[in-house]
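Please build the complete structure, drawing on both the sequences and the hints.
Heads up: the protein sequence lines correspond to chains F and R, in order.
The C-terminal residue of the first sequence carries number 201 in the working numbering, and the numbering is unbroken.
The C-terminal residue of the second sequence carries number 585 in the working numbering, and the numbering is unbroken.
No lab work stands behind these hints: they were computed from the structure.
For each residue, glycine too, the CB sits at the ideal point set by N, CA and C.
Incorrect hints may appear among the rest.
Ranges of calculated distance between the beta carbons of each label pair, as one might list FRET restraints [stated by the list, open to error]:
{"#": "1", "chain 1": "F", "residue 1": "179", "chain 2": "R", "residue 2": "83", "range": "28 to 34 angstroms"}
{"#": "2", "chain 1": "R", "residue 1": "474", "chain 2": "F", "residue 2": "114", "range": "49 to 55 angstroms"}
{"#": "3", "chain 1": "R", "residue 1": "572", "chain 2": "F", "residue 2": "178", "range": "37 to 43 angstroms"}
{"#": "4", "chain 1": "R", "residue 1": "50", "chain 2": "F", "residue 2": "196", "range": "38 to 44 angstroms"}
{"#": "5", "chain 1": "F", "residue 1": "97", "chain 2": "R", "residue 2": "103", "range": "38 to 44 angstroms"}
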Amino acid sequence: MELVLALGIGTLAGSGVWLLLRPRTFQVVIGLSLISYAVNLFIFSIGSLAIDKEPVIVDGKELTLANYTDPLPQALVLTAIVIGFAMTALFLVVLLASRGLTGTDHVDGVG
Amino acid sequence: MTWIAPLMPHLLVVPILLPMLAAGVMLAFGEGHRDIKSRISLVVTSANIVVALALAVWVHAHGPVAYLMGNWPAPFGIVLVVDRLSAVMVLLAAVVALCAVLFSSARWDKAGVHYYPLAMLLLMGLSGAFLTGDLFNLYVYFEILLAASYGLLLHGSGRQRVSASVHYVAVNLAASSLFLIGATTIYGVTGTLNMADLVQRVVEVPAADRWLLHVGAGVLSVAFLAKAAAWPLNFWLVPAYSSATAPVAAYFAIMTKVGFYSVIRMASLIYAESPEQFGRAGLFALGVVTAILGALGMVGTLKLARLASYGVMVSSGTLIAAFGLQHWEITGGAIFYLVSSVLGACALYLLIDLIERWQNLGATLEDDAPFLAASFADDQNVNLDDDEERLIGRSFPASTAFLALAFLVCTLMIAGLPPLSSFVGKVAMLSASLTLGGNAADDAGKIWVFMAVLLGTGLLSLIALTRAGIRTFWATPLREGPRLRLAEGLPVGLLLLTALAITAAANPILEYVNGAAKSLYYPGAYVESVMRAPIVPPPGAKETP
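Structure (structure tokens):
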């Protein structure tokens, strides 16, 4: 499971960086989105991967780390998703304004 | 002093809550009512100055104070912490915000919508970033201040500004991703996000995992250094700052310092008790390269706004290099220099706007601010002869002299020449370097390089600014004196007078910044204030013994 997740994060981040370095604004915004997906998965995985374990304390289950999963990364990833989403939306508006004012979708506004 | 005691520790949250509240109230007014909004902003920024001064006085006398935001005991909830360094940064942010808001109330606030709420949100983000004691909370405040800064950078619109914004937003979004990767890696290794708790946990990290800690710290520093405009991640700075409207650029003079503040805060906390000092040589080298490139940029440009932006880069580089040396004596001088250089850069950006308008004979170019040009024409039709015009648009004979004198003072501030405060900061750094370098410390070579860079960049910036001054004030044909408005002349004068006051009170302030620097290297009191912060018992609960 770790290997699959690591490959997934790596693919997303790698494609994101590649797109971020492209000259068209649409490619840049998709690249930034892919990077933020990769980062979100990374944050989620930092609390160690577990199946069928709960982040909150349940009656009758012994209070050891073997029975529970870390709740904090899940809270962090939620915050990161919301902020990343809002920032992408804001960036899209800037890109549209740039397209309108310069008449081109090149990131430098020329060519 | 006595009136502060009952307000502590609740006073810590005021510099964050007040601007947030003001921004919310202003949004309720809609797009108009600029007069009321500018007054609210002036009141809030002044109040922030008073609160920050009170905090600075208090922590100087009593040591760091922590505030438990959710009333959870120390390592679990989010804490705010104020120590000498964060108090002085909050104060500086409020001073810069006051000047920017005052300056824009003359006319720049009409160049777009929602200027004042964005300015308040930026102040909120800045205060929060300086006060927070939690790594992830720092990320949230960074995003708040960045979101507000995107809006402010776009204020005034126009092709150049939007193009620069595209780069600025893209670079900052990428840096934010790195911030998240670094912060969560550190959480994964140490199991805590609380900065004070980190100091203790870092020591316990087993040797096999220490490389992962260094990776986390390294990625985090890259994110901070991109915001602090360290080479090679600083190519966004000059286009963005020089195309922003004047009050926004002046406001942004403190933005790169947030990155620098975060670098020194995190680096000193993560490696306080740790045997190895990871990345120290790298910081020094990056700072030196940044300062030299910034100084060369200053010499190579004729446009005033770009000149000021390269000046910001020089001060960033100097600060990073000074911290890279890792001696608290030099860091103390660097904090003093930080304050002076922010005041100088802020005043210079405001001044440049006045000078350029004077040279364009009062006109604002259409492409420069499309919305402002339209509303300004309306102003001239309606208000040409009534009271308002006579009050705010009077041209007084000494105004040329004021501009020239203010430019001279800015030059002294940015080049670090006597008798103003940035000279004191540079002398403090130089004398500490001389003592340390003379005592043949193990990094004496680096200290001599640092001194050469400090003096060399000062000389280059002096040459560049003198040339700009001669071209502006002497080499142009005589023309009518500029029409200065009180609201535009006042912030420039205020900033320069503050610099003068800092020079006059240099001794106690040096003592203060040296204390701030020392507590960075010995964070015992900082950690203790967080870990021992008492939780407030719920109402009706019995006193626990």
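For each hint, the structure was consulted:
1. Look at residue 179(F) against residue 83(R): about 32 angstroms separates their beta carbons, and that is inside 28 to 34 angstroms.
2. For residue 474(R) and residue 114(F), the hinted distance range of 49 to 55 angstroms is satisfied, since their beta carbons lie about 54 angstroms from each other.
3. Between residue 572(R) and residue 178(F), the C-beta spacing of about 42 angstroms keeps the proposed range 37 to 43 angstroms intact.
4. A C-beta distance of roughly 51 angstroms is found between residue 50(R) and residue 196(F), which places it outside the suggested range of 38 to 44 angstroms.
5. A beta carbon spacing of about 50 angstroms between residue 97(F) and residue 103(R) contradicts the range 38 to 44 angstroms that was offered as a hint.
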